[in-house]
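Take a look at the letters that make up each chain.
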Amino acid sequence: MKRFLPLIIFLALAGIFYWRIVLIDRGDMPSDIPSVMIGKPAPVFDLPNLDKGRKPFTAADLKGRVTLLGFFASWCVDCGIEHPYLSLLKGHGAALVGVDYEDKSAAARAWLEKHGNPYDAVVTDARGRTGIDFGLYGVPETYIIDRQGIIRYKQTGPMTPDVIRKTILPLVARLEK
Amino acid sequence: MKRFFFMLALALCLAPAAARAVLPDEMLADHALEKRAEALDAQLRCPVCQGESIADSNADLAHDLRLLVRQRLLKGDTDAQAVQYIVARYGNFVLMDPPLDRDTALLWAGPAIILLAAALAGWNFLRSNPAPAPELSAEEKDFLSRPDDERAKGP
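Those sequence lines, one after another, are chains D and S.
Reminder that position 99 of the first sequence reads as 98 in numbering that gives the first Met the number 0, one-by-one numbering, no gaps.
Reminder that position 76 of the second sequence reads as 75 in numbering that gives the first Met the number 0, one-by-one numbering, no gaps.
The shape of chain S in the complex, shown without the other chains (with noise of 0.2 Å):
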């Protein structure tokens, strides 16, 4: 049973990460032109399951969206101008790999900045001297000079 299982999650992990969603049906006869349409599949972020690009997502609308791709690409569309196409109706989001604007600054910016004030924090910290500690009395020095098996009777 052990090794059923064994071999059932080794069978997983090779398995391809994600398999494509493009149909037969949607593929364009042009490969060269296919080859680009997938291309851009792979850079449009599907705005229904947001995890996934089109290229990977089952959903309806990915696969109106891979059909829109081709339409533009056929009417004589850049790759730009056809990424553009959606851009323009869905915004910046639709991009797996959206630009660095105003609305994204904060989210490049913040590792960074949460980087800086641990180290800010940390230098404050490793500066400030601790409390001296308190004179040991008279007493206490006494005890602390007296030999080992003296001092382990006890004060």
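The following block holds chain D by itself, in its conformation from the complex (with noise of 0.2 Å):
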């Protein structure tokens, strides 16, 4: 027994490990502040929209549909890392609604002509005060909300498609149910 102590050790370290590696294959990083809005109401929130012809998006538009709340910024590089892949999202009957996050709208509008709107409505928080309720601590960053307004998920960092496919849909589908 005395013998196998050190493989013993060994085998439980790098069980440790694999185990830390596996959580941030699914998004978990270590780094990550675990939000405390998690299970809490969305803040109450009124963002007017980047089309100035579309009305805005408030808190109470969240109730009765899932809805993936992503702030970004045309300024923010990783947001280009992660934008490619929003077209995932579609198509599984969740809303996705783009938060411009501190950010001059001309040059969101530009952002998004260039790459692509994947977006059902795209808001904007131009002073990131609605980004410091939702307890937001940089961009990109995605929240998604239940039916009731509740949010239930933070994903901190770009959305990878691994992520995107074993964390997040997985998600919505328990949500729309």
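What the hints contain is simulated information worked out from the structure, not anything from laboratory work.
Errors might be hidden in some of the hints.
[As the list claims (entries may be wrong)] Here are the simulated EDC-like pairs of lysine to aspartate or glutamate, each with C-alpha atoms no more than 20 Å apart in a straight line:
| id | chain 1 | residue 1 | chain 2 | residue 2 |
| --- | --- | --- | --- | --- |
| 1 | D | K54 | D | D119 |
| 2 | D | K89 | D | E112 |
| 3 | D | K153 | D | D24 |
| 4 | D | K103 | D | D50 |
| 5 | D | K103 | S | D63 |
| 6 | D | K62 | D | D45 |
| 7 | D | K62 | D | D119 |
| 8 | S | K74 | D | D132 |
| 9 | D | K103 | S | D59 |
| 10 | D | K153 | D | D77 |
| 11 | D | K39 | S | D102 |
| 12 | S | K34 | S | D24 |
[Stated by the list, open to error] Selected chain D positions facing chain S (Cβ under 8 Å, derived; list incomplete):
| id | residue |
| --- | --- |
| 13 | E101 |
| 14 | D132 |
| 15 | Y136 |
Don't be surprised by glycine CBs; every beta carbon is placed ideally from N, CA and C.
Join the two chains into one complex using the hints; note that each chain is given alone, in its own frame.
Written as structure tokens, this is what we have:
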């Protein structure tokens, strides 16, 4: 027994490290700050539409439909990494709403023109106050909000196809039921 | 050259540890209120840089949070209310000195647990008697009993 002790300790450590890698693969980064907003109702907000002809988006609009609320900005490099994968989120019943964070509307329009606009609606949080109310600490960040308007999940940093397939879409499917 | 580096090192040592990041246009006209705000800034961690308070950080979010602290104070919040407003959104993580609760219990108790484990292991080690040395054979005893100059010749 005693001579196997180092081997047992090694296997236990290897197991812990491997589990951590699996968690990172699922989008759970050790540097992420756990959000206190999960399980709480989304904060009250009323954000103007980037398209001036369309109506603003408010917290009341969250009711009745699962919403993916994605904070992005034209100045944000990681948002460009995530952007091509946003189309994977379409066609699963959830509304995809973009929030242009601390950005100039003209720059955001040009950015969406260039990279494509997968969002059902794009609204602006020019001063970043709604971001703070959500506990946002950077872009991109995506919140999954259920039909009752409760925040159920927060993705910090860009969503990869892996995260979308393994974490986001299964959760959306569960919330849709 | 050596002298130059020495002077440079000395100058760096004498520089303030961290220049405060608060910008002139953020400051409140009311000095008493600004003093309170700056004291609160030092207690709040910047969520982006994670190691700095919002008083020290140049991050955009730190700037926004400094403005928010000042707004809350202008609205008549007490210091505790202003801090609580931000904690409600960012959690205890934003406190530079987080309270002792379920999440931080292990952090606070950790050093004591490790010290206790080390003390137990040490006690265990000291108490366990090493195996007694085997008895010397008659030949060895005889060798040791010989005078030094005779022993030098070998057994």
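Hint-by-hint comparison with the structure:
1. For the given pair, K54 (chain D) sits about 13 Å from D119 (chain D) by alpha-carbon distance, which is consistent with the 20 Å threshold.
2. Simply put, K89 (chain D) and E112 (chain D) have alpha-carbon atoms about 19 Å apart, close enough for the 20 Å limit, and the pair holds.
3. For the hint linking K153 (chain D) to D24 (chain D), the alpha-carbon distance of about 16 Å falls within 20 Å, and the restraint holds.
4. A C-alpha spacing of about 13 Å is found between K103 (chain D) and D50 (chain D), which places the hinted pair at or below 20 Å, so the restraint holds.
5. Between K103 (chain D) and D63 (chain S) the CA atoms are separated by roughly 17 Å; this keeps the pair inside 20 Å, and the hint holds.
6. For the suggested pair K62 (chain D) and D45 (chain D), the alpha carbons sit about 14 Å apart, so the restraint of at most 20 Å is met.
7. Among the hinted pairs, K62 (chain D) with D119 (chain D) is consistent with the structure: their alpha-carbon atoms are about 16 Å apart, no more than 20 Å.
8. A C-alpha spacing of about 17 Å is found between K74 (chain S) and D132 (chain D), which places the hinted pair at or below 20 Å, so the restraint holds.
9. A hinted pair counts as satisfied when its Cα atoms are at most 20 Å apart, and K103 (chain D) with D59 (chain S) qualifies at roughly 15 Å.
10. For the proposed pair K153 (chain D) and D77 (chain D), the alpha carbon gap of about 16 Å is at most 20 Å, so the pair holds.
11. At roughly 19 Å between alpha-carbon atoms, K39 (chain D) and D102 (chain S) fall within 20 Å of each other, so this suggested pair holds.
12. In summary, the hint linking K34 (chain S) to D24 (chain S) is supported, as the alpha carbons are separated by about 15 Å, within the 20 Å threshold.
13. Interface hint at E101 (chain D): satisfied, since its Cβ lies 7 Å from the closest Cβ of chain S, which is below the 8 Å cut-off.
14. At a threshold of 8 Å, the smallest CB-CB gap from D132 (chain D) to chain S is about 6 Å, leaving the interface hint in force.
15. Because the beta carbon of Y136 (chain D) sits about 4 Å from the nearest beta carbon in chain S, less than 8 Å, this interface hint is met.
In summary, this structure violates none of the numbered hints.
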